[in-house]
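S.K.: Quick mapping for you: the protein sequence lines, in order, are chains A and B. The numbering of the first sequence is the working numbering, which starts it at 1 and goes up by one. The numbering of the second sequence is the working numbering, which starts it at 1 and goes up by one.
Keep in mind that the hints were calculated from the coordinates and are not lab data. Glycine is no exception: its CB is placed at the ideal position from the N, C-alpha and C atoms. Some clues are possibly wrong.
Straight-line C-alpha distance at most 30 Å; calculated DSSO-like pairs for lysine-lysine [claimed, not checked]:
| no. | chain 1 | residue 1 | chain 2 | residue 2 |
| --- | --- | --- | --- | --- |
| 1 | B | K71 | A | K8 |
| 2 | B | K71 | A | K71 |
| 3 | A | K221 | B | K6 |
| 4 | B | K68 | A | K4 |
| 5 | A | K140 | A | K26 |
| 6 | A | K4 | B | K6 |
| 7 | A | K4 | B | K71 |
| 8 | A | K221 | A | K81 |
| 9 | A | K26 | A | K71 |
| 10 | B | K40 | A | K218 |
| 11 | A | K140 | B | K6 |
| 12 | A | K63 | A | K211 |
Here are some, though not all, of the chain B residues that point toward chain A, as calculated from beta-carbon distances under 10 Å [unchecked claim]:
| no. | residue |
| --- | --- |
| 13 | I7 |
| 14 | M35 |
| 15 | S38 |
| 16 | L52 |
| 17 | A53 |
| 18 | I55 |
| 19 | V60 |
| 20 | D63 |
| 21 | L69 |
| 22 | E70 |
| 23 | S73 |
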Amino acid sequence: MIRKSWWKIVAVILMVYTFTAGLLIKVPHVGNLYESIRNIFFHVPMWFGMMVLFTVSLVNALKYLRNPLIKFDILSVEYAKTGMLFGILGLITGAIWANYTWGEPWSNDPKQILAAIALLIYAAYFILRNSITDMDKRAKIAAVYNVFACAMLIPTLWIIPRMVESLHPGGQGVDGNPGMNGKDLDPTMRLVFWPAVFAWTLFVVWITTLKVRFALVKEKKSANA
Amino acid sequence: MHNWKKIMIAFFGLLINMVAVAQDQVVDSTQTGFMRSSGKIYVVVAVLLTILAGIVFYMVRLDSKISKLEKES
Chain A
1 MIRKSWWKIV AVILMVYTFT AGLLIKVPHV GNLYESIRNI FFHVPMWFGM
51 MVLFTVSLVN ALKYLRNPLI KFDILSVEYA KTGMLFGILG LITGAIWANY
101 TWGEPWSNDP KQILAAIALL IYAAYFILRN SITDMDKRAK IAAVYNVFAC
151 AMLIPTLWII PRMVESLHPG GQGVDGNPGM NGKDLDPTMR LVFWPAVFAW
201 TLFVVWITTL KVRFALVKEK KSANA
Chain B
1 MHNWKKIMIA FFGLLINMVA VAQDQVVDST QTGFMRSSGK IYVVVAVLLT
51 ILAGIVFYMV RLDSKISKLE KES
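All chains, please: the whole structure from these sequences, using the hints.
M.R.: Spelled out as C-alpha cells, the structure:
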C-alpha cells in the first residue's frame with residue numbers, strides 16, 4: 001500500500017497537533033501581535049522547510065555531479081520545486097501577517113527583500129533548466145547552478161539578516177537567529193513551534209517523495225519505450 | 001469502483017443524519033456547548049482538521065496509486 005508509512009503517520013500526527021495546539025494554547029501578548037502571534041506555527045515553518053528542501057536538492061545535485069545518474073537529477077529538481085513552493089508560501093503568509101502588524105504587506109524590510117532575492121535566484125534555476133532540451137546537459141548545468149543558488153542562501157538568509165536592523169525578530173543589536181529572538185520564544189509556544197517545524201517539513205518531504213516517485217516511473221516508462 | 005459506490009452511499013446517508021442534527025440545534029441555538037466556547041475557536045479547529053483530513057486522504061490515495069504504478073513498471 002503506502003511505502004515506508006511510519007514517518008508519514010508521524011507527519012500527520014504532528015500536523016494534527018500543530019493545528020489544534022497551535023490554535024488553542026494560551027499565547028503571550030507581544031506588542032501589537034495579539035492572536036496573530038500564532039502565525040509563528042505556520043509562517044516560520046515554511047522557511048525552515050524550504051531550507052531543508054533546498055539542502056536536499058543541493059546534496060542530490062552534488063551526487064549527480066559525482067555520479068551522473070538521472071535519478072539524482074530528478075531528486076534534485078523535485079526538492080527544489082517544493083522548496084520554491086514553500087518559499088513562495090512563506091513570502092505570501094509573511095505579507096498577510098505584515099499587513100496587520102506592520103501596516104503594509106511589503107515594507108522593504110531587509111529580510112523580505114533578501115528572501116525575495118533568494119527565491120528569484122531559484123526561479124532562474126528553473127528557467128535555466130527548462131531552456132535546455134538535451135537531458136544530460138540539462139541535468140549537469142542545472143546541478144552546477146544549483147550549487148551556486150544554494151550557496152547564495154548563506155549570505156541572503158543567514159549572514160546579511162544578522163547584520164542589519166529589521167522589523168523581523170533577530171538582526172543587528174538583537175539576540176537570536178534570523179528567524180526569531182533566541183531565548184525570547186515563550187516556553188509554551190516552543191512546545192508547539194518545534195513540532196510544527198517537523199510536521200511541515202515531514203509533510204512536504206512526503207509530497208516531494210510522491211513527485212519523485214512519479215517522475216521516476218515516468219522516466220522508466222519513456223526509457224523503455 | 002464498486003467499493004466507491006458503497007462509500008458514497010454511506011457518506012450521503014450520513015449527510016441525511018446531519019440535517020436532523022441541524023434541526024435539533026436550531027431549536028436550542030442559545031445553548032452554549034463545547035464548540036461555542038472560547039469565542040467559537042473550536043469551530044476553526046474543526047474546519048482546519050477537516051481540510052487536513054481531506055488533504056491527507058488525498059495524499060494517501062495518491063501514494064498507494066503511485067505504489068501500484070511502480071509495481072507495474
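S.K.: State for each hint whether it applies.
M.R.: We went through each hint and held it up to the structure:
no.	hint	verdict
1	B:K71 - A:K8	holds (20 Å)
2	B:K71 - A:K71	holds (18 Å)
3	A:K221 - B:K6	violated (34 Å)
4	B:K68 - A:K4	holds (14 Å)
5	A:K140 - A:K26	violated (51 Å)
6	A:K4 - B:K6	holds (29 Å)
7	A:K4 - B:K71	holds (15 Å)
8	A:K221 - A:K81	holds (22 Å)
9	A:K26 - A:K71	violated (46 Å)
10	B:K40 - A:K218	violated (47 Å)
11	A:K140 - B:K6	violated (50 Å)
12	A:K63 - A:K211	holds (19 Å)
13	I7	violated (17 Å)
14	M35	violated (13 Å)
15	S38	holds (8 Å)
16	L52	holds (6 Å)
17	A53	holds (9 Å)
18	I55	holds (9 Å)
19	V60	holds (6 Å)
20	D63	holds (5 Å)
21	L69	holds (5 Å)
22	E70	holds (6 Å)
23	S73	holds (5 Å)
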